[in-house]
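Chemist: So the sequences go chain by chain: Y and U.
Under this note's numbering, the letters of the first sequence match residues 1 to 378, in that order.
Under this note's numbering, the letters of the second sequence match residues 1001 to 1078, in that order.
No wet-lab data here; the hints were simulated from the structure.
A couple of the hints might just be wrong.
[Unchecked claim] With a cut-off of at most 20 Å between alpha-carbon atoms, the simulated SDA-like pairs for lysine to any residue come out as follows:
| id | chain 1 | residue 1 | chain 2 | residue 2 |
| --- | --- | --- | --- | --- |
| 1 | U | Lys-1003 | U | Pro-1036 |
| 2 | Y | Lys-13 | Y | Gln-348 |
| 3 | Y | Lys-222 | Y | Arg-33 |
| 4 | Y | Lys-52 | U | Ser-1023 |
| 5 | Y | Lys-13 | Y | Tyr-3 |
| 6 | Y | Lys-13 | Y | Ser-69 |
| 7 | Y | Lys-222 | Y | Ser-69 |
| 8 | U | Lys-1003 | U | Glu-1075 |
| 9 | Y | Lys-13 | Y | Gln-205 |
| 10 | Y | Lys-52 | U | Gly-1067 |
| 11 | U | Lys-1003 | U | Arg-1033 |
| 12 | Y | Lys-52 | U | Leu-1068 |
| 13 | Y | Lys-52 | U | Ala-1066 |
| 14 | Y | Lys-13 | Y | Pro-269 |
| 15 | U | Lys-1003 | U | Met-1077 |
| 16 | Y | Lys-52 | U | Met-1077 |
| 17 | Y | Lys-52 | U | Ala-1026 |
| 18 | Y | Lys-274 | Y | His-12 |
| 19 | Y | Lys-52 | U | Glu-1022 |
| 20 | Y | Lys-222 | Y | Gly-81 |
| 21 | Y | Lys-13 | Y | Ile-266 |
| 22 | Y | Lys-274 | Y | Leu-153 |
| 23 | Y | Lys-52 | U | Ala-1027 |
| 24 | Y | Lys-52 | Y | Asn-264 |
[Said to hold, decoys possible] Examples of chain Y residues toward chain U, derived with CB under 8 Å:
| id | residue |
| --- | --- |
| 25 | Ala-32 |
| 26 | Ala-35 |
| 27 | Tyr-47 |
| 28 | Arg-50 |
| 29 | Pro-236 |
Ideal placement from N, C-alpha and C gives every residue a C-beta, glycine not left out.
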Amino acid sequence: MIYLDNAATTLHKPPQVIEAVAEAMRSSGNPARGAHGSSLQASRTVYGARAKIAALFHCPRPDHVVFTSNVTEALNTAINGLIRPGDHVITTDLEHNSVLRPLYRLAAERDVALDFVPADRRGNLDYAMFSQLMRPNTRAIVCTHASNLTGNLVDLRQVSAAARAGGALLIVDAAQTAGCLPIDMEALGIDVLCFTGHKGLMGPQGTGGLCVRAGVEIAPLKVGGTGVQSYSPTQPAEYPTRLEAGTLNAHGIAGLSAAVDYLNEIGIPAIHEKETALMRRFLRGVRDIPGVTVYGDFSGDRAAIVALNIRDYDSGEVSDALAQDYGIATRPGAHCAPRMHRALGTEQQGAVRFSFSWYNTEAETDQAIRAVRELAEE
Amino acid sequence: MRKREPRVILSFPATVDAMSMESYSAAHGVPGRLIPLPTAISAGCGMCWCAPITDREAVERAARDAGLRVSGVHEMML
Chain Y
1 MIYLDNAATT LHKPPQVIEA VAEAMRSSGN PARGAHGSSL QASRTVYGAR
51 AKIAALFHCP RPDHVVFTSN VTEALNTAIN GLIRPGDHVI TTDLEHNSVL
101 RPLYRLAAER DVALDFVPAD RRGNLDYAMF SQLMRPNTRA IVCTHASNLT
151 GNLVDLRQVS AAARAGGALL IVDAAQTAGC LPIDMEALGI DVLCFTGHKG
201 LMGPQGTGGL CVRAGVEIAP LKVGGTGVQS YSPTQPAEYP TRLEAGTLNA
251 HGIAGLSAAV DYLNEIGIPA IHEKETALMR RFLRGVRDIP GVTVYGDFSG
301 DRAAIVALNI RDYDSGEVSD ALAQDYGIAT RPGAHCAPRM HRALGTEQQG
351 AVRFSFSWYN TEAETDQAIR AVRELAEE
Chain U
1001 MRKREPRVIL SFPATVDAMS MESYSAAHGV PGRLIPLPTA ISAGCGMCWC
1051 APITDREAVE RAARDAGLRV SGVHEMML
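Hey, can you work out the whole structure from these sequences and the hints?
Modeler: This is the structure we're talking about:
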């Protein structure tokens, strides 16, 4: 199989990630739940992963790296823990339901006002609108770093400048960019960076987290056992414990830690260069095929994603034909990005998303081009 | 039980600080190790840094230099 659904999850993981998970399952106790050898080993693994993640994203303090089960949980934690009744929030048409649904719920249940920076037909944002939409009670801008549908990058420097000028927090969904692009949360002025471990970071599913700027106080989404301050009736106030009730996924975090080692060994700029080279090779091969419509803006830096349609064919049928007849894995449909599809005019048809990773090859890319050409000629 | 000796104990509000203490101490040759939090300090669970009482100054300095959050510094027979 040629796997081109890396925006959903990277299928191919570095072997050391798999081995790290297996070794942790053989030997790790419960982290932060004792001082015997196997518990300490788990605690050391988790601490090491925090330090590596902090360094990777330029989060100044490892104790402000919080682990969650995925980026959705991280976003829910940040959004629900920071946005108060009566607040105003600015977000964008590019967002995934992991951002939209928590915000819609706050609008319905906490009298939170929402405004959206619209996307144009190429999936681009008008950055001036972030400032124009700002209100005295704007609590946060919540936005993705890259559209999971088009791969268009959001210029976080411009968004951050608007947030700072308006006194709002900046919460970033890095689901499509963590591990694929260098991210410096200090330089970019990010207050909360939410990431998943199983996509570009090439770690196991069930891992993710948030990096929190010092001074940003997030109320816990869940409370419970922490291994410390057990007789206190309330959740400990200190990060990361305040947001980490219950046993952590230390086995998965061990794999994530090994994955970060692997990324550092190669270098994220090198990974980004290879992934985007494959994406652009694919783009060059398909964009001029009669009947093929490609979505997004390819004029600048971007994530390694190409979304397209062939004529008026149902995107699910095209994706199924790619899988059944060519052995190529893609993602059709709505991609949990309803506003983005509406902006592109693909709400009914959906789109077929091809997303590339470090482990893909030029030969695989060329096979995908040939498959699209043959399907377009049918 | 083992023979008790005078020890200095540093307790922390979160496990991450205890792990950071261990990491920093290993890198800088600070004496001590992580142990379960004695019930005399708190009946809760958790872990703390334990070192000979003669190393109290070095241990406290290490925690300061590492920028750790310390809940308390205790002396006791352990």
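Chemist: Does each hint fit the structure? Answer for all of them.
Modeler: Evaluated hints:
no. : hint                    : result
1   : U/Lys-1003 x U/Pro-1036 : holds, 17 Å
2   : Y/Lys-13 x Y/Gln-348    : violated, 34 Å
3   : Y/Lys-222 x Y/Arg-33    : holds, 18 Å
4   : Y/Lys-52 x U/Ser-1023   : holds, 13 Å
5   : Y/Lys-13 x Y/Tyr-3      : holds, 12 Å
6   : Y/Lys-13 x Y/Ser-69     : holds, 18 Å
7   : Y/Lys-222 x Y/Ser-69    : holds, 13 Å
8   : U/Lys-1003 x U/Glu-1075 : holds, 16 Å
9   : Y/Lys-13 x Y/Gln-205    : holds, 11 Å
10  : Y/Lys-52 x U/Gly-1067   : holds, 18 Å
11  : U/Lys-1003 x U/Arg-1033 : holds, 17 Å
12  : Y/Lys-52 x U/Leu-1068   : holds, 18 Å
13  : Y/Lys-52 x U/Ala-1066   : holds, 17 Å
14  : Y/Lys-13 x Y/Pro-269    : holds, 18 Å
15  : U/Lys-1003 x U/Met-1077 : holds, 9 Å
16  : Y/Lys-52 x U/Met-1077   : violated, 37 Å
17  : Y/Lys-52 x U/Ala-1026   : holds, 17 Å
18  : Y/Lys-274 x Y/His-12    : holds, 15 Å
19  : Y/Lys-52 x U/Glu-1022   : holds, 16 Å
20  : Y/Lys-222 x Y/Gly-81    : holds, 10 Å
21  : Y/Lys-13 x Y/Ile-266    : holds, 14 Å
22  : Y/Lys-274 x Y/Leu-153   : holds, 17 Å
23  : Y/Lys-52 x U/Ala-1027   : holds, 16 Å
24  : Y/Lys-52 x Y/Asn-264    : holds, 9 Å
25  : Ala-32                  : holds, 4 Å
26  : Ala-35                  : holds, 5 Å
27  : Tyr-47                  : holds, 4 Å
28  : Arg-50                  : holds, 7 Å
29  : Pro-236                 : holds, 6 Å
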